[in-house]
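Engineer: Sequence:
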Amino acid sequence: MAQKTVTVYTDDLTGAESEEVRTHTFSLDGVNYEIDLTSDNYDKLFEALAPFIDKGRKTGRATRAGRARKASTVGPSAEEMRSWARGNGYEVNDRGRVPASIHEAYRAAH
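Throughout the sequence shown, residue numbering follows this note's numbering, covering 1 to 110 in sequence.
Simulated from the structure, these hints should not be mistaken for lab results.
Take these hints with a grain of salt, some might be off.
As the list claims (entries may be wrong) - So the derived label-pair ranges between C-beta atoms look like this:
| hint | residue 1 | residue 2 | range |
| --- | --- | --- | --- |
| 1 | Asp12 | Gly89 | 39 to 47 angstroms |
| 2 | Ala16 | Phe46 | 16 to 24 angstroms |
| 3 | Gly15 | Ala50 | 45 to 53 angstroms |
| 4 | Lys55 | Glu104 | 33 to 41 angstroms |
| 5 | Gly30 | Lys55 | 14 to 22 angstroms |
| 6 | Asn32 | Lys55 | 15 to 23 angstroms |
Ideal placement from N, C-alpha and C gives every residue a C-beta, glycine not left out.
Turn these sequences into a full structure, and let the hints guide you.
Structural biologist: Next up, the structure:
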């Protein structure tokens, strides 16, 4: 038996299928967004944001490593949070996201 996988690229704004759809990221109020757009719709997004980009201040380029470093300066790392949780009787996985309930307990204790 043969199997064929077809990838369809769809513009999130219009729903149009196109080979030229690309993923773009942007941030607002500390929340990162991703959107898949054709070049025409990306141009519309850029034109809408251009006046704000022009007057705004750059704070650096957001990268995965940069976000990880920034997160570590805001509070404890995931490893530190897991260690604290285990030492205080909470069950926590070795990998993955630390549950919000543990974050809340940690904040309440500190």
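Engineer: Are the hints correct? Go through all of them and say.
Structural biologist: Right, here's what the structure says about each hint:
1. Asp12 with Gly89: 39 to 47 angstroms: holds, 44 angstroms
2. Ala16 with Phe46: 16 to 24 angstroms: Since Ala16 and Phe46 have Cβ atoms about 18 angstroms apart, the given range 16 to 24 angstroms holds.
3. Gly15 with Ala50: 45 to 53 angstroms: Cβ of Gly15 to Cβ of Ala50: about 25 angstroms, so the range 45 to 53 angstroms is violated.
4. Lys55 with Glu104: 33 to 41 angstroms: holds, 37 angstroms
5. Gly30 with Lys55: 14 to 22 angstroms: The hinted range 14 to 22 angstroms holds for Gly30 and Lys55, with Cβ atoms some 19 angstroms apart.
6. Asn32 with Lys55: 15 to 23 angstroms: With a Cβ separation near 21 angstroms, Asn32 and Lys55 satisfy 15 to 23 angstroms, so the hint holds.
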